[in-house]
Amino acid sequence: MSEQDLKKTPLYDAHVAAGARMVPFAGYHMPVQYKDGVLKEHLWTREHAGLFDVSHMGQARLRGADPAKSFEKLVSADYQGLKPGKQRYAVLLNAEGGVIDDLMTARPDDDGLFIVVNGACKDNDYKIIAEALKGEATVQRLEDRALLALQGPEAAAVLAAHIPEAAGMVFMDSAAVTAFGTDVLISRSGYTGEDGYEISVPATEAARIWNTLLEDERVKAIGLGARDSLRLEAGLPLYGHDMDETVSPIEAGMPFAVGKSRREAGDYLGADRIAKELAGDLKRVRVNLKVLEGAPAREGAEIADADGNVIGKVTSGGFGPSYGGAIAIGFVPPQFAVVGDKLKVIVRGKPAAAEVVASPFVPTRYVRKL
Amino acid sequence: MKFTKDHEWVEVAGDIATVGITAYAAEQLGDVVFVEVPEVGKTVKQGDQLAVVESVKAASDVYAPVSGEVVEANETLGDSPETVNALPEAGGWFAKVKLSNAAELDALMDRDAYEAFLGTL
Numbered sequence: 015m016s017e018q019d020l021k022k023t024p025l026y027d028a029h030v031a032a033g034a035r036m037v038p039f040a041g042y043h044m045p046v047q048y049k050d051g052v053l054k055e056h057l058w059t060r061e062h063a064g065l066f067d068v069s070h071m072g073q074a075r076l077r078g079a080d081p082a083k084s085f086e087k088l089v090s091a092d093y094q095g096l097k098p099g100k101q102r103y104a105v106l107l108n109a110e111g112g113v114i115d116d117l118m119t120a121r122p123d124d125d126g127l128f129i130v131v132n133g134a135c136k137d138n139d140y141k142i143i144a145e146a147l148k149g150e151a152t153v154q155r156l157e158d159r160a161l162l163a164l165q166g167p168e169a170a171a172v173l174a175a176h177i178p179e180a181a182g183m184v185f186m187d188s189a190a191v192t193a194f195g196t197d198v199l200i201s202r203s204g205y206t207g208e209d210g211y212e213i214s215v216p217a218t219e220a221a222r223i224w225n226t227l228l229e230d231e232r233v234k235a236i237g238l239g240a241r242d243s244l245r246l247e248a249g250l251p252l253y254g255h256d257m258d259e260t261v262s263p264i265e266a267g268m269p270f271a272v273g274k275s276r277r278e279a280g281d282y283l284g285a286d287r288i289a290k291e292l293a294g295d296l297k298r299v300r301v302n303l304k305v306l307e308g309a310p311a312r313e314g315a316e317i318a319d320a321d322g323n324v325i326g327k328v329t330s331g332g333f334g335p336s337y338g339g340a341i342a343i344g345f346v347p348p349q350f351a352v353v354g355d356k357l358k359v360i361v362r363g364k365p366a367a368a369e370v371v372a373s374p375f376v377p378t379r380y381v382r383k384l
Numbered sequence: 162m163k164f165t166k167d168h169e170w171v172e173v174a175g176d177i178a179t180v181g182i183t184a185y186a187a188e189q190l191g192d193v194v195f196v197e198v199p200e201v202g203k204t205v206k207q208g209d210q211l212a213v214v215e216s217v218k219a220a221s222d223v224y225a226p227v228s229g230e231v232v233e234a235n236e237t238l239g240d241s242p243e244t245v246n247a248l249p250e251a252g253g254w255f256a257k258v259k260l261s262n263a264a265e266l267d268a269l270m271d272r273d274a275y276e277a278f279l280g281t282l
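Protein chains in written order, with my numbering: chain A, 15 to 384; chain E, 162 to 282.
Just so you know, these hints were derived from the structure itself, not from any lab.
Dumping the calculated SDA-like pairs for lysine to any residue here, alpha-carbon to alpha-carbon at most 25 Å:
no.	chain 1	residue 1	chain 2	residue 2
1	A	Lys364	E	Ala219
2	A	Lys49	E	Ser241
3	A	Lys364	E	Ser221
4	A	Lys356	A	Ser373
5	A	Lys297	A	Val371
6	A	Lys364	E	Glu233
7	E	Lys203	A	Pro365
Predicted model, so just to flag it, every value in this text is computed and none were measured.
Just chain A, same shape as in the assembly (with noise of 0.2 Å):
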């Protein structure tokens, strides 16, 4: 894809009027940092609210006679079983139980389901879905809609000056409610393990509500760069690179993806390859590994045994700002995977000592209950 053919979210012009590097991500110029840097967005984020357009992703309703039933023809979840008000985390999956696509659904209100993808795999997602439930269900994508997610220990003190009702929301709550004198869409939820929202507002009034939120002396514009290290030290997998359409969610080490419900009626695709998972029959698992020298093992990077032996392959990794060192997420067989064992990296031929450690790597701080 060449430059021309990138696209602009609504907040481009107020990137990089405040100095963003801009870069192309799924299709977009996007912000990887400001002025401040990685290091600092990442530990402001950590310590207040950070700000982030990912209006890269693709929002979209799913409408249909029971489109949670419909929708579940092609994911992992139990989305029959979301109630009013909530948001689930699920997997859009192949035949082969592989992933397509992760991805969140939410029933902010009874306008059916209102569906957040991937950036780069969302014209895949919506032909997939539209041409699988065909007669039974429909998508329309929101390509007049713009997600802001403002992430951080003083999110929750910053949005309820804007949002009274987001103060009563838990983690993975979502409601549409009217604030900034628009229309406004919002989850308890977000990509970096701290407490925070997602807001979807109407595009044309983005850079507004973007403007409004950063007047407050708590926030600060976060780019991407920050968003993965963060994302990362939370233990989350990234889309494209720790899964992809030959890694099942348990794999992944998502296993809640797959629904207690589903699990039961294994009505789901890919459901023989993952009850056997489930079952225990796993030839590869996601591993967190903490690297304890050198240099930080970046994605394709080997992973090796105690004795040299190449055994799997770093997915994810880089150094870790509130970690404080380097970390990575890869993939080995089972019997390598238990916490506490001494693998080794190979960065640029040389083996370093890694061990495996629980995910996460920084405590998440999900606001569970009230």
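Here the structure of chain A is known, so what remains is to put chain E in place on it, guided by the hints.
The following block gives chain E in isolation, referenced to the frame of chain A:
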């Protein structure tokens, strides 16, 4: 001080060249979190990988602006990689190289030429 198009600098005293990356390069990289300096005694040719510098986001190679033998490496960067951001053209140096071909310096840019080059980026 002389400069390359890959944003390395070299400062020569006698036959020893001190090598680092420019303030522009350090700013572009962002926060440096790890530096891999060469081993003393290693022989490098102009354009070979000399060191690796890693920011939060990515790893970047630092190329040898001159050929020669590494006679000293800046081991303090192991504990304080942030020095590359704080003092890129001073305390953030990577290695000292004993020149094997001083004529290579002639092809490098001086400060004015390097700044003119930055203006074209």
